[in-house]
Amino acid sequence: MSFRERLQSWRYNLVPDHLIGEILSKRWTDNAIPFLALILVVAGFGSVIPGFFKPASLQDSTRQLGEFSIVVTGLTVVMLGGGIDLSVGSIFALATFSSVAAFFIFDLPVWVAFLAALATGCVFGAINGYLVGFLRLRAFLTTLVTFIIGRAIFDILIVNYGAAVQTSTASSDTWDFIGDGTLGGLSIPVIGAAVIAIFTHIALTRSRIGWHILAVGGSRRSAHNAGIKVKRTIFLTYVFSGLCASTAGFLIACRLSGAGPGTGLNMEILALTAAVVGGNSLGGGRGSVAKGLMGAVIVLVMNNGLIRLGYGTGTNQMVIGIMLAIAVTIDIRWLKNRHKVLNEVYVAPIYLKMGAAQSALPGSGTPFALNNAISQTDYIGLGALEGPEDVILDRDDHLYCGTRHGEIVRFFAPDYRRSEVFAHVGGFPLGLAFDRDGNLLSCVGAMGLYSITPDRVVTRLSAETRRSLTSVQDDARLRDPNDLDIAPDGKVYFTDSTKRFDAHDWALDSIENRATGRLLVYDPKTGATRTLLDGYHYLNGVCMAHDGRSLFVAESWACRVHRYWLEGPKAGTAECVIRDMPGYPDNINRASDGTYWMAWLGMRTPSFDLSLRHPGFRKRMTRRLPQDDWLFPNINTGGVVKFDESGRVLGTLGDLSGRSHPMVTSMREHKGWLFIGGILNNRIGRLKLDGADPRWTGPTSYWGERA
Amino acid sequence: MVAKGRLFGPGAFNQERIVLATAIAIFAVASFALPGFFTAENIVTIVRSVSVLGILSLGMAVVIIGRGIDLSMVAIMAMSVAAYLQLLANGMSDGAALALVLAGVIGIGLLNGFLVAYAEVPALFVTLASASFIFGYVRSQVIGADAVPVPRAHWVASLGSVQFLDIPIEVFIFAALALAMFLFLRFTKWGRFVYYAGDNPVAARNAGMPARPMLVLRYVISAMFAFIAGILTAASLHSMNTRVVNSTLLYDIVLVAVIGGIGLSGGKGGVRNVLIGAALTGVLLNAMTIIDIPLIYQNLIKSTILLAAIIFDGLINPRDEQTAQQGDI
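Residue numbers (our numbering), protein chains in the order written: chain A, 1085 to 1791; chain B, 341 to 669.
Please note that the accuracy of each hint is not assured.
Capping the alpha-carbon separation at 20 Å, the derived lysine to any residue pairs in SDA-like fashion look like this [stated by the list, open to error]:
#: 1; chain 1: A; residue 1: K1420; chain 2: B; residue 2: A380
#: 2; chain 1: A; residue 1: K1315; chain 2: B; residue 2: P658
#: 3; chain 1: A; residue 1: K1315; chain 2: B; residue 2: L655
Simulated from the structure, these hints should not be mistaken for laboratory data. All values derive from a computational prediction rather than experimental measurement.
Work out the full structure: start from the sequences and follow the hints.
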């Protein structure tokens, strides 16, 4: 290895570039900017304003913060549902007036005043909700207008009844306690805000209605198609916002014991700025109560700080305007470009040097030499199939395969002309195996390990394993379950090819070549899934050895086959039995003569091998070139390789014409025939094998003669 | 485009005609019922009061037709003129002050347009934020009090008293601007493009229209119209009171546009709709003032009418699920 390559391997294999992409794909990174802003604002004003952190000063500002953040929480919920509520300022003012009027003018008890405030908010919110939700008006303009209407009503009420409030002599200890008192050092508004925030957070993240709100905000049309009552959900968000704003109005009524022309003025733009600055997305679906609270603190500290520092009229509006514009722009740009940034940085290739391969050229005399043996096969399901990754036959000679559409298709013996959808699983069914009772087990790409009984009942067996300690991205979930086989004791050994990419992005994984493939075992007795091997370059096919004491597993992007021992002195360890093949191995299955068939999904090329030793090149390629121009592993030529127990390669069948089976992902021997599948093919091929046992079948080989 | 309805029979009841009929009806009723309504003096007052509102509405209309909205118009109107007058009071030469303020007005228009067109931020948020910023910046950094008087014997002051055939000059300016806007929208290429861009922005862009520069242009136009309206306001009142930013004037502008039949979803309406909307609004406001309804009640009535107009607009121009974008709020 040259010095340059050594440097390359250190640089790309030891520096965890892939973590950048994984961290960026975390939802919590959205919080990073507002959180930083929060720290800066609080620290900035805290150090400039003398006595900012004094308890008395904090006591006063937190009261205000409590009321404000209740309003922001309500607005956040509306925004999560894809709407906006500018009328919070008027609802707040009207609710303040309602409770003040109930208490001072009509001399009613405090709880009635509270109910009066809530009723005001509820009615006002319901009007907004009806207009925006049911009549489907534009949220921004509509609530802007209801805001003016509310404000006009408030102004009229204040002019007519303001004096009556001021001359009233009504008083109550409860009223004063809510306004001035503390409970365990905390003022009532702060406690109220905390309770509402926690309640809302739990409702949003853990209740049906909360999920509905997020779903509607995320995609209105999809939510509607999923059967969610979109209009009612939106209606409820506005009612909730109205209730929040009116609760805050009641609290300020108690604190100030009155309502004036200034009550709730500019509240709408402050609350909107707070919600957006906190990182809640316009248009809905993304955001949280915590973000709203962060935004509330930022805006309020900024607002009060500027006043305390003695800046003149208008400064606040100026700063709020700038903050709103910047926050909205960042939000829009980030939302729009997030996936682009992720695409840019996600693929983080590593250095890999494979050994020189034996030639696969026809006539080269090596056991890998390709011939034209599988270019003439009987086609099954030509044009009716898409993506039969794996094929398998049952005891009655029926043929099964998965398709791109998430179905398991069955072709009927003996001529395999008639077919039916055996079962619909979803995902992309890849590897197939029959267990002792005749259940068909399948590794379903992007979903997990599934079992289908002979009477077509689909059950999920496993979709996750234990999360590894150092993982950033949750690697408990199986992203690309690929192939499986079943041991005599019923345990299911299967592979999950990559932790980094979804099943359909396997080509990206080949370019990155990071070793994240796993071998897992599912124990039907306990229902538990364990990870046996981790850190391989795309673990793919699995095949139980004929004696059931070990299994073979193919490592596609490193062109190797390993033997994993289940019993004996090497139990629990893997050893490499075939290395540096000229092709990329896929599924492995038993052959009738005690050896094994292995599919090659593609062939190594000198150019791609070279690029594997230049991770920087591949990194630049994924960032600068359109996907059509990328260098991929060659999957236009594949083959079927036969090898024995010791890993000695016996011969290779190929299709040099490239017409019938250019890419082979699986093959299954059955009664003297070889059935060939390919994940990108539109047919299954059937080839008569010379000299093969005409009675040998897979189920018999695994589970013996029919009981 | 304005729906082509027949004079009688079905189709005769489009929004434009209903509004026009309502305006005429209110005018007729008010003429009989209200003493002092149907006098030459009062009608001039109506037309005059409508002129400023109408100029602002023309600017708003061109933005709304292009599927946008400009909530910063009143702030630009008040604060640009206030800044101009303050700069004059500070002793800056007329030319320099005018140039500076005009540059600022165009700059704000460009900024609004840039954020909407290139950063793709919803127009409502951009203009809401810029309104807050403009008011805050000028109020805190440039002027010292809420109201700034027009300097004695300045051309703005004398503009207020210019009359032609006993009709104040702003009426003519409004008419000239309306004509110019009509010609622009009807007969120029970019004017036609405004409709296409408002009707289906993506299709307009795919068809090769310079959608983004056009969008920026519309916000610059609305900012310029706001500045002209501000100058005329200062001319008639001899001062510029910046408290107007917090008044409901902005909603009057939207009211004129929406009530006249310029659909908020864009692509519909024209100068005629602005004139009709302005006529109804002007008659209504004048009648309410003559009946002596207090301002706070007027606000309630106006905003309720606006809500009704928006509901009506929503019913006759329902939002299209296919072209409505996620997050289009």
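Now for the hints, and whether the structure bears them out:
{"no.": "1", "hint": "K1420(A) to A380(B)", "verdict": "violated, 58 Å"}
{"no.": "2", "hint": "K1315(A) to P658(B)", "verdict": "holds, 15 Å"}
{"no.": "3", "hint": "K1315(A) to L655(B)", "verdict": "holds, 16 Å"}
Hint check: a violation occurs at hint 1 only; the rest are consistent with the structure.
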